[in-house]
Structure formats: structure tokens, C-alpha cells
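Heads up: the protein sequence lines correspond to chains A, B and C, in order.
Using my numbering, read the first sequence as starting at 1 and increasing by one per residue.
Using my numbering, read the second sequence as starting at 1 and increasing by one per residue.
Using my numbering, read the third sequence as starting at 1 and increasing by one per residue.
Hints should not be assumed to be uniformly reliable.
[As the list claims (entries may be wrong)] With a straight-line cut-off of 30 Å between C-alpha atoms, the simulated BS3-like cross-links for lysine-lysine are:
#1 76(C) with 310(B)
#2 2(A) with 450(B)
#3 368(B) with 111(C)
#4 310(B) with 87(A)
#5 450(B) with 210(B)
#6 2(A) with 368(B)
#7 573(B) with 368(B)
#8 2(A) with 217(B)
#9 111(C) with 220(B)
#10 310(B) with 2(A)
#11 220(B) with 450(B)
#12 310(B) with 368(B)
#13 368(B) with 65(C)
#14 195(A) with 87(A)
#15 89(A) with 160(A)
#16 368(B) with 245(C)
#17 450(B) with 65(C)
#18 568(B) with 450(B)
#19 573(B) with 310(B)
No lab work stands behind these hints, which were simulated from the structure alone.
Nothing here was measured: the structure is a model prediction, and the numbers come from that model.
Read off the chains here:
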Amino acid sequence: MKLDHSQPLEYSSEQGRLNILGFWIFIGAEIMLFGTLFASYFTLEGRHGSGPSGAEIFELSPVLIETILLLTSSFTVGLAVHAMRLKNKKAMMTFFIITLVLGAGFLSMEIYEFNHYIHEGAGITVSAFTSALLTTIGTHGLHVTLGLFWGLFILIQVAKRGFTPETANKSFIFSLYWHFLDVVWIFIFSFIYLKGMM
Amino acid sequence: MEFFERFAIPHPSPIIYASMVAIGITLLAIVAGLTFFKKWGYLWREWLTTVDHKRIGIMYLISALLMLFRGGVDALMMRAQLATPDAQLLDSQHYNEIFTTHGVVMIIFMAMAFIIALMNFVVPLQIGARDVAFPRLNALSFWLYFMGAMLFNLSFVIGGSPSSGWTSYFPLAGNEFSPSVGTNYYMIAIQIAGIGTLITGINFIVTILKMRAPGMKLMKMPMFTWSALITNLIITFAFPVLTVALAMGTMDRLFGTQFFTTGNGGMDMLWANLFWVWGHPEVYILVLPAFGVYSEIISTFARRNLYGYKSMVASMVIISVLSFVVWVHHFFTMGQGAMVNSIFSITTMAIAVPTGIKIFNWLFTLYKGSIRFTVPMMYSLGFLPIFTIGGVTGVMLGMSAADYQYHNTMFLVAHFHLVIIPGVVFAMLAGLTYWWPKMFGFMLNERIGKWAFWFISIGTCVAFFPMFISGLDGQARRMYTYSESTGFGFWNMLSFAGAVMLAIGFIIIVYNIYYSTRYASRDIGSDPWDARSLEWATSTPVPEYNFAEVPQVNSSEAFWDSKYNGHKLFSGKLKEIHMPNNSGVPFIMSSLFFVLGFSFIFSIWIGVAIALLGIVACLVHRSFEQDHGYHIPVEEIEKTESELRGGK
Amino acid sequence: MKIKWMILAAILTVLTVLTGCEPLAVLDPKGPQAQTQADVILLSIGIMSFIVIAVFAILIFMLVKYRASKQPEDYKPPHIEGNVWVEAICVGIPVLIVAYLSFVSVESNYKVEATPEGYDEEPLVVYASSSDWKWHFSYPEENIETMNYLYVPTDRPLEFRLYSYGPISAFWVPQLGGQKYAMSDMVTTLHLAADVPGEYSGRNANFSGEGFAEQTFNVNAVSPDEFDEWVEEVQTTADPITEDKFEELLEPGHLGQQTFTGTHLEFMPAPEGEHGGHNHGGDSEESHDEHSDHSDEEHSDHSEQDHEH
């Protein structure tokens, strides 16, 4: 296989470069996916039927904790990629583990939050508003869940195989994915929670 | 018992029982045939696990042709039912199922598959690539599409077909008004096929952007490749909208969410909006590659370069942008007021401008040319006038005030068939005939092909022109019958006659394939049409690695230049070639998607769980797998090449 | 070549039929709105025929002049990149045509979306609601209700308020004007008027399930005096509509023409204003003025659009 050593390891193989461009385009598709979910949410936002409104069920503190956890994890995954560029396997793995742990923390907070909504009488079947709310946030949560498993597998591969063009490529793409989820969350936080609480 | 009742057809009839028997016999015959001729291993090694873009293209092609016949039979039944007033051939429920499946099958499972078939086969060859960027994902795309199509067709015999139109408007498609599992089939089968299409979109964008032969700048790409690039961009941005809409529809039906319901704040209009935000770009996903095909064929058979290359590209870019801002014209009558309608009326009519440029460019490509009337060229030349009529009626429909009278009538049906049939079906038949020798190593018979062309093009006109008239006389679409006093009878009988001609045309094509397979000469060289673009620089049949050596490109017609203008495509120095390994995972994973979809449709949660676990296992396997492909050494390439040359 | 002539012949047939022999419903308008629409349709057919003929002429010219059989054996077609002026004309003329049609389209759209002009009287308001597979017509001022048939006065604007007790339907009387959707969670308004007395057929134009084909109704346009007589007759002879009776009528199926005194609006109001789909049971931050249907209509799609772009 031809490798281009002037590039960072994740870009060094032809297939690696294709993968990264492909993933960027995939993120483009994901933006449309979340864009559609947001558009639907804003359309249905005021349609509570007999159920509660956003202002009645949203709680700031769990959402704030989730935000901090996810933002921090986005930062640590950036550090992990930086460590990878410096060929520091141990640091990379440490930051990667921290990222996944923070992600898991985010997810458990979100599960708690969903439970809370269902207790408040805001289950997914209650009204158009709750359906749109829980579907939008749930889709993000599902992405995080998939990301956790994916990240775990990459971590195992880095541990076993070290930095190869493949593992570096996968780790880098994972970091793109994770940053993207962070951006989506910022939108959810600002335009669903903060706007809904006001 | 209740569990099994769901699988029964809610509304059985002799046709359905006959299809059950036919499907059963066909399956048995396939299994028996494969076993008898000991072809299971061949099938698995050469086709089910292949990642070769050419073979995937051919599999798409076969599936598309099968779906064309399924959808065509639906169409014939509809026209037969409407041929006379108060006919009893079909009852309302059957008619509704048939027009629904006709629409879905023709758009999603026929036309989409057909364009992706041609893109798969042609694009990597046209840009001088060995394969697509992600060969294994390409196989996954095909198998997801295939499983989606099979799942959808299963609805006819298990549980009942969807019957709320291919647009599946809520609340009609909701549980209250469509209690059978039919609409679940719609939601889930399209979802599975749609994921496959989205993957194709990403795959081809990367392929075209990154894998072009040296020297092929963007503005030196052949026009079909340009159309494929833009189409895939539209796919990537439009399909996620459909994904979300279908997911919401599925959740409304299976989990009791309230997106499109009539109570608790649900909003039926949201479905219509989301559907058409995807649906209108979808029209251009179908028609742009067709435009690409025509550009290739017209310039080949006029023996001239394509007129106005730059404006061709620019017009496609403009069309792709406009395609996302016109969706409201599908429901001008939803009461959004004069202001909104005016805006969308203007954007809609604006599309006529770039489309007009393309029509004129094709016409001017003929100027000072030397026109050969081959079958692909005849389809292209037949396309121009018929599509123009379909297109200008589109401008008429775009005038919102008048649309209040056209909407939901046969006038609309006439319009979109006169756009899609010449715009897509003619292009696919033209492309099929044009690239057939490259795919299969022999040519389709020209004389039989011309008979088919005349039947299909005259049939199209006879079938659809009368609908303009009956539409203006007040015949709404999707009515399963009408009374004699309406006076629609004559026009519908004429349409039926046209539909029969179309059917005869397609039967002639099948006969042509049979006839040519048996009798056509295999000694046709690698460039039987004297064509212009790179795919014809490969040997016939195309070796698995496509080009022994990556060609050097100087213009959008590098092959033509190499034949007549002294351009040198190949230096003659061979290097070993890296190829991807075959893989059974895409097929297995897609089969699991089939199980997943089927279990969802019938709410069999244990099946859902098992299939999901299987899919995750496939993903995990893929994550840990180390697959570096294999290399073909220079000696082997030389051997293959000399055999191919010797075979000439 | 044959096909070109056949297509031309087909178009000529279409045009002949459109312009004469047998009046098609849409092109045989009996009211101002349908008249506007028929005018737009005929105008656009005229302009479009011009384009079609131009394309056909160029195509036929090219095919006759440049076919290979008419060229010398060794003829080599030239390489022609494209010409700025030719392309400017190919863009310019369509742009002018589209601009003109846009102007016509916008103007006519505002016309059909407003109460028809030139009438002295206030519009007659009729609530038209669809249920599987019937039409219910409520005359709130006259306090009567009919099913599957309408009586309307000529020479007076008609204002139909449309909604549905089921799938999306479309109220369409081709000779009086184009259709509009009737939906379950909001009221849409269709402005019509009849100038000529007569009996016109109307139907649901939007597919709504099994009984869709037969979901039709009759419109009897009569002189204002006759209309008043009819109203009086109904008020004296018909039975009152009750909630139970109406619930019965809503059951899916086909029923003939029926007549009642009173309207179902009293016990089952239309989904407008505070009863709109936006506000089912929720707080009414978005409640609209009872009569401002336009703001109601425009709400849904605006929000969609803004977010998609």
C-alpha cells in the first residue's frame, strides 16, 4: 500500500483520505437529518394538545450537567487526536477513555431526564409537542449511544494494534463524529431547552 | 389466532391467490434450478458477495427491469379498469392498492434502481477509476435496496398492500383510516431502500470528486458524470428528509406518537411538507442522470461535441438548487394564501429556464452534425418533443391560480407521466441499449429495437394526451370508476389503447434481449458505436480492474481525441493493481434488515431484537476486520489483456 | 419522422377540442373565479404552444438537414464550443416568458384568493365539511344544513369554509372555480361566485380512501329570490339536526342528499379560532381572531419554510 508520509497518519493512505471526505459528506446528510427534526420540532412546538408545554417540564440543572459533560468530552476527544498526532499512545487512550466516560455520563443523565418527563405525564405519545421533543433529543441520544460503542471498539483496536493508518483514520473520523454531536447538542440546548424555558 | 390474522390479506381476490401461487412456484423453480445446475457456489462467489461496481450495476439493472414489469402490470390493470365506465374488473380497494404500488414501485424501486444501475456501471469507467470509493458500501447499498424492494412486493401476498397513494398523506395513512399493515410496508420498505440510496449518494460523490483519472478536471468530466455528481449531491441532501418523515410516520403507526394524527396537536400538513421537500428533489434525482445519458448519446450519434458544455453544467447546478425551493407547488390548494403561492409559483416556473437551455443545447448539438438514427438516438430524439410537451404543461401547472383547477386531476397525471416517461424511461432504455455492448459483449438488435421504440413512443402519446382533456373536463385522479354520464369514457378507452401499445413495446424489448442473446454477433470490438468518452477505451468485456493502466485525460472527450486527434491515453507501462476483496457481509446484513423490516411491519418484537443484534454483530465484525484487499501482479494483467485483445 | 407528425396531429386535436366542439368543464366557466382560471389556462396554452412549435421546428430542421445519409461519406462534423449570443437568446426569451407568466400568475392568484369583486351583497358563508365519504354544508346565517347538495344564490359572492372530519379532502366545483383542501385541524377559505343559474357537479378531488370516487355533490345555483324561497322551505319542513344524528352521519359510508334545520356548528364547531388544531386543549397563545382565516391559513407553511432554508 502506498503511504504518503508528509501527511498526518490518518490522511496517509488513499483509502483513509476517501474515508474522511466520505465522512464529511455523511455529516452533511446528518445536518439535513437534524435540520428536518428541528424544523418539525419548531412546527409542532406550540401544539401541546392535552399534554404539558416545554416550560412546564424542562428542568435546567440536569440539562446543564449534560451540556457540560458533552462539551468537555468534545474537548477531550480533541486532545486525544492531538496526542495521536504526537504519537503518544498512552495519552491518546487516556483522553479517549475520558471522552467515553463523559459520554456515558451524558447518556445516563439523559435517561434520567426522559424518565422524569414520562413521570411528568410527557411521554412520547401524549402530544405532537412531546413526540417531536423526545424524537429529536432521542435521535441525538441514539447517536451518542452508537458513538459510545463505536469509540469503544476503536479504543480496543488502538490498544491491540497501535497507531496504524487504519486505526488513526478511524479515531480521527470518530472525533469528527463526536464534535458533530456536540454541535447538534448546542442547538438542542439553545433552541429547545433555553427557548422552551423562557 | 389473532397473531396469525395479521398476515392474512384483508381483502383477498383471485388475482392475489394467483400471485401467491406464482411467487411460490417461481421461488421453488429458482431454488430447484440453482441446486440442479450446482450454481449455489457460483451465485454466492460471483454475485451475492461481489463488490465490483459493474456487477452491482448489472444486479441493479435486473432488479429495475423486474420492478418495471411489476409496476407496468399495475398500470395495465388500472387502465383496463378505467377503460369503460362503471367497470367491475377491480373494486375500489384493489384499485387503490394498485395505484399506490404502481407509484412506489415505479419511482423508488424502478426508476431509482435504473439510474443507479447506469451510474454504477458507467461512472467509474467514465472517470478512469478502478471501482467506486467504497466498494463494500456499494454492495450494501444494492442489497438494502433489493431487500426493501422484496419487502414491499411481499405486501401483495402477506398482510395486504398499502392503499393510500404513493404520497401516503396522513391522516389517511394513519392507523385510524388505514388499519391494515399495508402502510407499515410502505414506511419500512422505503426506509430500508432509502438508506441504501443515501449510502450510494455519499459513495459516488467521493468517487467522482477524488478518483478521476489524472488530467480530468471537473470541467473536463463527461456530462453523464457531471449529472451523476449533482444527482448524488441532491440524494445526500434530500434523502435524510425522507428518512425523518418515514420514521415519524412509522412511529405514529407503531408506537402511537402524535406527529401527523388528528388529535393532540398532530399536524397532517407536516407530512405533506416533509414528503415533498424530499419528493420534489427526487424528481430531479431521476431526471438529471437521464439528461446526462441524453448528452452522451446525442453527441455520439451526431458525431459532434456537446454544444454549450458550460451552460449544461450551470443549468444542472441551478436546477439542483431550485429543486429544493419549489415543494409547495405540490399543494397550492392547501390554503397557505396568495403570497406563499406566488413565491412558489415563480420559483417553479423559473426551473423552465435552465431546462430550456438544456433542450436548446441538445438541439444545437445536432447542428452541422452527422446524425445516425440508432435505437439510443431515436429514444433521445423522441424524448425532445414529448418532454417539451410534458415540460410546458409543468409551467402551466406552476401557475398557482390555474393549478386549483388542474390539481388532483388527470391533467396532472398526464403532465408527470409525459415528463417522467420521456425524461427517465426513454433515457434508461436509450442508456441500456447504448451501454449494453459494454455490459454484455453483444449488441441488441437494432431492427427489433426500433419496433419497440415506435410502440413505446406512440403508446406514450396515445396513453397520456387524452388525460389532458379528461382532466380539464373534471376527471379527478385516483377514482376507481366513473359513470357513463361524465363522458370520460372515450378518453379513457384511448388511454387504455396507449397503455396496451406501451405493454407491447416492453414485450418487444424482452424479446429483443432474448433474440440478441441467442443470435447477436459477439465480435463487436470494444467501441461499436464510435463513441467519445472513456468507458469505451476499456476492453469488452471489461476486466475486473477496468483499465490495465489509468488513462491520461486532456478533455471531456478524451477517448475521441485519442482516436482522431492524436491524444495518447496510455503510456503502456503497467503496474500491479490493488483490488478490494469480496464480502458476504453486505448481503447478510441486508437480509437481517429484511427480517428487521418484516418484524417491524407486524410488530414481532422478538424478531426486531434478533435482527438488530445480528446487524450490530455485522457492524462489530466490520469494525474489527482487517481487510487490505489483494493485488493483481503485472504478469496477470498482461495475460488478461492479451487474451482480450486476441479475442477480438 | 412519423412520430413528429403524429405528435403535431395530437396537439392539434387537443387544441381543437380545447377551443371548440365540446366545452370541457374547466373551460366552460359559470362564475368569475372559474373565468379567471380559464383565462389563465388558455393564455398559458397559447404561449406554451408557441414554445412547443419553436422546439419542433428546430428539431425537424436539424433532423432533415443533418442526417448522416444526406452527408458526404467523409464529412467530419466541426467542433463547436457554444456561442454566447445564442445562449443568451436561449436564456433571455424563456426568462421573458417566465417573467410575464409570473406576473399573470401572481395577479390571478390574488384574484382567486379574494372575495370576487363587483357584487353588492356581502358573501354568503357556507361551512363545507367532508367526512368519509360525504359533504356536509352548514349555512350559519340561514341556520340550516344540507348533505351532498348545495343551493347557492347567483350574483352573490360565496365564501366556503372548508374542513374535514377525516382524511384530507378537496372541495371542487370545476365550473365555479378551482379546488381547495379541507383538513381536520384548520379551516381553509374558498371564494367562489356563480353568475349563471344551473346545476353543477362538485366532488372531493383529493383521494380519501375506499369511497372516494363517489364522494360527489350537486350545486344548484338559483336566483336570489329562489334561494330565499328554498331557505324558507327548508326551515319550515326539515327536521332539526342533533348531535346524535350528526354522529351517525359521520360514520363512514355513502348517504344520499339530506336536509336539516340548525347546523352542527353549534355542538361541533369548526376547527378555527380557539377550536383550531393548534390549540386542542392546550393554552391558546396562538389563538386567532374568529374571522381572520387568512392569518390562520398562512401560519402552517411559513414556519416550515423558514426553517428549511
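So, going through the hints one by one against the coordinates:
1. 76(C) with 310(B): holds (23 Å)
2. 2(A) with 450(B): The hint is violated at about 50 Å.
3. 368(B) with 111(C): Not satisfied, since the Cα-Cα distance of roughly 49 Å exceeds 30 Å.
4. 310(B) with 87(A): violated (47 Å)
5. 450(B) with 210(B): This hinted pair is violated, its Cα atoms lying about 39 Å apart.
6. 2(A) with 368(B): With a Cα-Cα distance of about 48 Å, the restraint between residue 2(A) and residue 368(B) is violated, given a limit of 30 Å.
7. 573(B) with 368(B): violated (39 Å)
8. 2(A) with 217(B): Satisfied, since the Cα-Cα distance of roughly 23 Å is no more than 30 Å.
9. 111(C) with 220(B): violated (50 Å)
10. 310(B) with 2(A): It is violated: about 36 Å lies between the C-alpha atoms, which goes past 30 Å.
11. 220(B) with 450(B): Violated, at roughly 33 Å.
12. 310(B) with 368(B): holds (20 Å)
13. 368(B) with 65(C): Given pair residue 368(B), residue 65(C) holds - Cα atoms ~8 Å apart, limit 30 Å.
14. 195(A) with 87(A): violated (43 Å)
15. 89(A) with 160(A): holds (11 Å)
16. 368(B) with 245(C): Given pair residue 368(B), residue 245(C) is violated - Cα atoms ~76 Å apart, limit 30 Å.
17. 450(B) with 65(C): The given pair, whose Cα atoms are some 22 Å apart, holds under the 30 Å limit.
18. 568(B) with 450(B): violated (36 Å)
19. 573(B) with 310(B): At roughly 34 Å apart (the allowed maximum being 30 Å), residue 310(B) and residue 573(B) break the hint.
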